[in-house]
Amino acid sequence: MEKEQQKFMAAALAEARQAAILNEVPIGAVVVKDNQIIGRGHNMREHFQDVTYHAEMLAIMEACERLHSWRLEDCDLYVTLEPCIMCSGAIINARIANLYYGAADPKAGAVDSLYHLLADSRLNHQVRVESGIMQAECSQVLKDFFRAIRRRKKAARKKGRAGD
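Take the sequence shown: its letter number 70 is residue 70 in the working numbering, and every next letter is one higher.
Heads up, some of the hints might be wrong.
[Claimed, not checked] Think about it this way: if two alpha-carbon atoms lie no more than 30 angstroms apart in a straight line, the pair counts; the simulated DSSO-like pairs of lysine-lysine are: (1) 143 - 153; (2) 158 - 143; (3) 143 - 107; (4) 143 - 7; (5) 154 - 143; (6) 107 - 154; (7) 143 - 159; (8) 153 - 107; (9) 143 - 3; (10) 107 - 7; (11) 7 - 33; (12) 3 - 33.
[What the hints assert, rightly or not] Label-pair distances were calculated between CB atoms; the ranges are: (13) 155 - 95: 46 to 56 angstroms; (14) 161 - 52: 37 to 47 angstroms; (15) 50 - 160: 27 to 37 angstroms; (16) 69 - 160: 50 to 60 angstroms; (17) 152 - 74: 41 to 51 angstroms; (18) 161 - 65: 47 to 57 angstroms; (19) 106 - 51: 12 to 22 angstroms; (20) 74 - 161: 53 to 63 angstroms.
For the record, the hints were derived by calculation from the structure and aren't laboratory data. Bear in mind the structure is a predicted one, so any value in this text is a computation, not a measurement. Beta carbons are placed, not taken as given, at the ideal position from N, Cα and C, and that holds for glycine.
Please take these sequences and the hints and turn them into a complete structure.
And the structure:
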């Protein structure tokens, strides 16, 4: 099972790298059914100026379209970063069976960090969660992205001062 988890998380990481190329926060997700990827997504919020265009949401939407159903009961979701409240709600409502994520999100994570939405017994569906899948790689792609942004901002400030 660990080899399969790494294969699908690697696919989610490839999606995250696509987001980074587009100057989007590099988060990627894939939905898997019967060992096949049926939905892919990476952040597209900036491109579409739409707050709902998170990697998880796009992967879930593609999987629903492919299955012609909003119910993803026999599906797993792999995502590079712990889902937020909005995405956790979509995961619950889609009835996804298992969530596998890479890096924790201490500022917005709604699975383990800030909240435990997917395990809340008051809701109509609970999701089995496994975290830390390829955690180092998932964290690194985010660190590299934000480091590059800080470098560009610093260079722009320096250039601005040089022109004074």
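Results for each hint:
no., hint, verdict
1, 143 - 153, "15 angstroms, holds"
2, 158 - 143, "22 angstroms, holds"
3, 143 - 107, "15 angstroms, holds"
4, 143 - 7, "22 angstroms, holds"
5, 154 - 143, "16 angstroms, holds"
6, 107 - 154, "24 angstroms, holds"
7, 143 - 159, "24 angstroms, holds"
8, 153 - 107, "22 angstroms, holds"
9, 143 - 3, "25 angstroms, holds"
10, 107 - 7, "27 angstroms, holds"
11, 7 - 33, "14 angstroms, holds"
12, 3 - 33, "16 angstroms, holds"
13, 155 - 95: 46 to 56 angstroms, "47 angstroms, holds"
14, 161 - 52: 37 to 47 angstroms, "39 angstroms, holds"
15, 50 - 160: 27 to 37 angstroms, "31 angstroms, holds"
16, 69 - 160: 50 to 60 angstroms, "53 angstroms, holds"
17, 152 - 74: 41 to 51 angstroms, "44 angstroms, holds"
18, 161 - 65: 47 to 57 angstroms, "50 angstroms, holds"
19, 106 - 51: 12 to 22 angstroms, "21 angstroms, holds"
20, 74 - 161: 53 to 63 angstroms, "58 angstroms, holds"
The structure shown violates none of the earlier numbered hints.
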